[in-house]
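With chain Y fixed as given, assemble chain U onto it according to the hints.
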Amino acid sequence: MIQYLEKPFSVEESLESLNLFLRKWFEKKYKVPTPPQRYSFKLVSEKKNVLITAPTGSGKTFSAFMSILSDLMNLSLANKLEDKVYCVYVSPLRALNNDIYRNLNVPLDQVFSDITIPIKKITVGIRTGDTPQSERQKMLKKPPNILVTTPESLAILINSQKFVENMKDLKYLVIDELHELANNKRGVHLSLSVERLREIVGHDFTRVGMGATLSPLDEAAKYLVGYDGEKERDCYIVDATWDKKLDFLAMSPVKDIVNSSDKAIDNSIYKIINSVIKKNRTTLVFTNTRSGTERVVYNLMRRFKYGEEHIAAHHGSLSRETRLGVEDMLKKGKLKVAVSSTSLELGIDIGTIDNVVQIGSPKSVARAVQRIGRSGHSFNDVARGEVIVTNRDDLVECSIMLDAARKRHLDTFTTPKNALDVLSQHIVGMSQTKKWSVDEAFGVIKNSYAYHNLPRSDFISLLEYLSGMYVGLESRRVYAKIWYDEKEGMFGRRGKLTKLIYFLNLGTIPDEVAIDVMTPDNKWQGSIEEEFLSRLKPGDVFVLGGKTYSFNYARVMKAYVTPAPGQVPTIPPWYSEQLPLTYELAVEIGRFREQMAIALGHAREHGKKMLTMLDRSKLKPNEESRKLLDSLPVDENAKMAIFNYFAMQVLYAGYIPTDKMLLIEKTEDKEGERNLLIFHSLYGRRINDALSRAFAITLGEMLETDIAVNITDNGFVLVTEQDATVSRKDVDMLVSEVGRSNMRQVLMRNIRRTEMMRRRFRYNAARSFMILRNYKGRKISVRKQQINSQLIFKAAEEISSDFPIIKETYREIFDDVMDLPRAERIVRGLISGEIGYKLIETDVPSPFSHLIVTFGEADVIMMKDRRKHIRDLHKQVLAKLNRMMK
Amino acid sequence: MRISDDVEILDGMPVLYIKSLSIIVCTDLHLGYEGVTADKGTFLPKANLRHIKETIKRAVELKRPKGIIVDGDIKNEFSQVHVEEFNETHEFVNFLRNEMGLESIILIKGNHDNYIERLKEPFRMQLYTQEALMDDYLFFHGEELPSSKEGKMLIMGHVHPSIAIYNKLGVKEKLKCFLKGKLKDGRDILILPAMNYFAEGFSVNMEKGIGDLAPIFRKMLDVDSMEALCIGEDEILDFGSVGQLRNIEL
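Chains as they are written, first to last, in our numbering: chain Y, 1 to 886; chain U, 887 to 1136.
Hints may contain errors.
BS3-like cross-link-like pairs, simulated, lysine-lysine; straight-line CA separation at most 25 Å [said to hold, decoys possible]:
hint : chain 1 : residue 1 : chain 2 : residue 2
1    : U       : LYS1058   : Y       : LYS880
2    : U       : LYS1062   : Y       : LYS537
3    : Y       : LYS279    : Y       : LYS331
4    : U       : LYS1060   : Y       : LYS880
5    : U       : LYS1054   : Y       : LYS880
6    : U       : LYS1060   : Y       : LYS558
7    : U       : LYS1062   : Y       : LYS868
8    : U       : LYS1060   : Y       : LYS875
9    : Y       : LYS880    : U       : LYS1062
10   : Y       : LYS776    : U       : LYS926
Now the in silico label distances, taken between C-beta atoms and shown as ranges [as the list claims (entries may be wrong)]:
hint : chain 1 : residue 1 : chain 2 : residue 2 : range
11   : U       : LEU1031   : Y       : LEU473    : 42 to 50 Å
12   : U       : GLU985    : Y       : ARG477    : 24 to 32 Å
13   : U       : GLN966    : Y       : THR854    : 50 to 58 Å
14   : U       : LEU1136   : Y       : LYS278    : 52 to 60 Å
15   : U       : LYS1094   : Y       : GLN133    : 39 to 47 Å
16   : U       : ASP1098   : Y       : MET702    : 44 to 52 Å
17   : Y       : GLU704    : U       : SER906    : 40 to 48 Å
18   : U       : LEU1136   : Y       : ARG744    : 29 to 37 Å
19   : Y       : PRO520    : U       : GLU985    : 51 to 59 Å
20   : U       : GLN966    : Y       : PRO520    : 34 to 42 Å
21   : U       : LEU1136   : Y       : GLU704    : 12 to 20 Å
22   : Y       : ASP516    : U       : LEU1031   : 27 to 35 Å
To spell it out: a stretch of chain Y is covered by chain U in this simulated footprint if at least three of its residues, at any positions, have a beta carbon under 8 Å from a beta carbon of chain U; those stretches are [said to hold, decoys possible]:
hint : stretch
23   : 469-483
24   : 768-776
25   : 794-800
26   : 878-885
To be clear, the hints were calculated from the coordinates, so they are not data collected in a lab.
As the structure is a prediction and not an experimental result, all values here were calculated from the model.
We put the beta carbon where it would ideally sit given N, CA and C, even for glycine.
Next up, chain Y with everything else stripped away, as it sits in the complex:
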């Protein structure tokens, strides 16, 4: 059973549960336990599974570890502490592992130096990808009592026959930063490792999960503890997130964010950041992308003469040494400001931060809370943060986000379920350790929360795939990674190479193909993703590292460009590293839009006159809208900017779209060359991804044409060629047609031809060990794997449309990339009338649609069959050539 604990134990009850020596040390150092500790000391000492969520500085580490150390102390005093692993600690970050290692050794050193009788000391050891071979060997002979590791290293350890002997008496498993794991495949991978570990040691162990807040907590707890057969394991939930006070504000850099130039906005943003930096000793700035981080550092240095001793960037693309150096300088209080994309958001020890500045929307309430929570030293301090918005939609989004944070409305996460790629890896791993009966192995797998409802047929299809049954008998020698006897229902090891395949290829983080960007003189300018390159055509202008370049041509893994200073980008920046807006937050923004629509309702009647007033910034919010704006945690600039933005939309387009009223806008692009059908569906990218494609496919079928889509959090656009216009009647028919059809089936019909499918399929093929990164001791660069993914996909499809990697690709697209169930619910709402829709026609896109048209993720829905497709292309080329002749 999953149980929430509302009332902490008393201080005495908590301390009482500790070993005496440890208690003395604790009281001397900290006096009293923090709120989360007043739950956890006692629970963990009673060997209860616990999930603890709490902000930085709340003594989270000791919440989990104090009782564990205490138990091991008692063992040591009773002279029963052996050279065995009693506790495994897993975190997603190596940097965090180093911190934990240090933080555990501090009390251990002090406590043991106080004890005069000769007893065995509790040992702590780190095992990650960085651990040298010699250390690993030592660890095998003399294992540490507490093993600090990563999900990937744990997966390796449980496959080491010798090392698992050392874990047979395991008592505790601690998973840190659980919020970074429970919602993705990396966490799914870990959950299987944990259940395999449980099977290997042959008994249950106490599980402690820690992390920043996430919702729903009971799902997170289920992820932590899993199942014992059909029975859900017990777990207590301790939610101390909100015990730290947060003080935050959304700020608009300018009063009129719609009409101000990019330059004016930029200037003001940096001025604000600088004023915050000046007021504080140490400031932490968060951006949403790595390139953003670089840009901010560059600008602060250039504009305000900060030197490298004052300011530093910290993100995943930097070398480990650089990152460690930055962390160290922060800890010593030497840096004035550190700028980070995501890497400093996790619990690495970085000393005291006075203030957090977030630039642009962090896209989720939970992430906003966590990032701002990085400031303020102790639990009793107030965490201070400013969110500076960068554009009009960002402004509304951040304002509502902070309002939701204040109301403690959190967005929800989901764990990917029944991911077949991750399971492939573990089946290969399992087959190496012993001969399994299919039933027994299936039982172990189903104990993971992520696989509890796995259909047996999926499991069998993986065994078939891994045993090479998709190629002829004579090729299985090379293809098979496991031995599988269908009749006996047994599987196990096959081939000498497989052991290494598992060790060298496990993990879930896909290899990105980085394309080097070069100028004609062969100077390296930076790198772009392969997918971005595939969208570039000669002459396109794009931004890289804050500079603009014009694309010439690509060759092998290089893109050749010419610097194009001052030119306007013709292709939006690539947002694949940016996270989608969460549904819950999207809906809150939709509600706010509705309230503003009501408050501004009268404006429509005054049309022209008010528009001129607005132009001269003389238009003031009326009483209702003033009240609404005042309810938000934002500065005055932001209030006026929001007001102007909404007023402009209502005056220009007549309507403000809300979560209950879908505005569909028919318009043209600048040159009038292409028709745009803009859907103001503010539901977040995951839902819009599904909606846009369903609408595009249906419309494409109606008009027999290919359609380009552009997808953002706030809506999507369907782009058709000039001669394929859409009438009002078409739109009505389109909505009813989408409403009538089965969305999953509609998407299935077409998604196999999209760029997204190709990319995802390649990732899944790699994670399923079909495309290896490392084989026979050779590293295989992604470049060498560059066989057109679509052709591999087609070849796999010819085997069966249920081929596990194809099935997983669809699952990932529908469940992880998209949010299909919610998209379906919205379409049902459109049909039942619960959500209304309104079609308007505009000469140029309305204010709310500017960013939908210019930013976002692009894809093309190909509707024509291949024959017609090639013929049309042929016709167009000939027509073009004819025109050129004249």
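Chain U in isolation, oriented as in the chain Y frame:
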């Protein structure tokens, strides 16, 4: 599509038919491809040989030729004869001889065909290590220059030609194509697209350095002057000259 009274490109196929010789011509099969890539860690589902067989079957049923010429690179690996290559070549030759009833199987040796001599006897293939002159036609693979000055039409493989075009919605389309043109000395030349399923081809109108790939483009032949005849679903479409297709924007 007819190239001359005697030569025809079969609709929708990377296959040539020469009436006077009663043969079909294809190139760059790279048999054993999946087996070789599997050895390097990419375990592709098998598709190449099956697709090639289907295409050959269509061609044979259409034209009833007596023989087949593979204009180089029947197999994939440079350095040796891989076991999968042996198996697939064996299966392919049996298929041609027994199921398709082709009397002569002629192979022009390509740069991937090292050690192919070992297969010559057991598989009863005719093998030309450099080039083959048959009546008016000079067959060669293309990684080296042809030495013979004879032959009215040269037939080459090796470069896997295709063209790439951005459509109106900004998507890059790649189509395998035949290249038809004239050498500077006035002889006709026809370059065949690769038959391999996984080979997308070298975009002759976009990528640079075709001269590094095949020396014939250095002095004897201007790629821009060649005509791109693309393979459609069940037809061949003339897309005009390569030069015109450079930087074309629809």
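Each hint tested on the structure:
1. U:LYS1058 / Y:LYS880: 17 Å, holds
2. U:LYS1062 / Y:LYS537: 20 Å, holds
3. Y:LYS279 / Y:LYS331: Roughly 19 Å between the alpha carbons, so the hint for LYS279 of chain Y and LYS331 of chain Y holds.
4. U:LYS1060 / Y:LYS880: 18 Å, holds
5. U:LYS1054 / Y:LYS880: This hinted pair holds, its Cα atoms lying about 12 Å apart.
6. U:LYS1060 / Y:LYS558: The hint holds at about 19 Å.
7. U:LYS1062 / Y:LYS868: 16 Å, holds
8. U:LYS1060 / Y:LYS875: Holds - the C-alpha atoms of LYS875 of chain Y and LYS1060 of chain U are around 16 Å apart, at most 25 Å.
9. Y:LYS880 / U:LYS1062: It holds: about 21 Å lies between the C-alpha atoms, which stays within 25 Å.
10. Y:LYS776 / U:LYS926: The given pair, whose Cα atoms are some 8 Å apart, holds under the 25 Å limit.
11. U:LEU1031 / Y:LEU473: 42 to 50 Å: 44 Å, holds
12. U:GLU985 / Y:ARG477: 24 to 32 Å: 27 Å, holds
13. U:GLN966 / Y:THR854: 50 to 58 Å: 54 Å, holds
14. U:LEU1136 / Y:LYS278: 52 to 60 Å: 54 Å, holds
15. U:LYS1094 / Y:GLN133: 39 to 47 Å: Holds - the Cβ-Cβ distance for LYS1094 of chain U and GLN133 of chain Y, about 45 Å, lies within 39 to 47 Å.
16. U:ASP1098 / Y:MET702: 44 to 52 Å: 48 Å, holds
17. Y:GLU704 / U:SER906: 40 to 48 Å: Distance hint for GLU704 of chain Y, SER906 of chain U holds at roughly 44 Å.
18. U:LEU1136 / Y:ARG744: 29 to 37 Å: Roughly 34 Å apart at Cβ, these two residues keep to the hinted range, so it holds.
19. Y:PRO520 / U:GLU985: 51 to 59 Å: Holds, at about 54 Å.
20. U:GLN966 / Y:PRO520: 34 to 42 Å: 41 Å, holds
21. U:LEU1136 / Y:GLU704: 12 to 20 Å: 18 Å, holds
22. Y:ASP516 / U:LEU1031: 27 to 35 Å: 34 Å, holds
23. 469-483: holds (count 7)
24. 768-776: holds (count 8)
25. 794-800: Holds, because 5 residues of the stretch 794-800 of chain Y bring their Cβ atoms closer than 8 Å to Cβ atoms of chain U.
26. 878-885: With 4 residues close enough to chain U, the hint holds.
Figure legend: structure checked against the earlier numbered hints; every hint is met.
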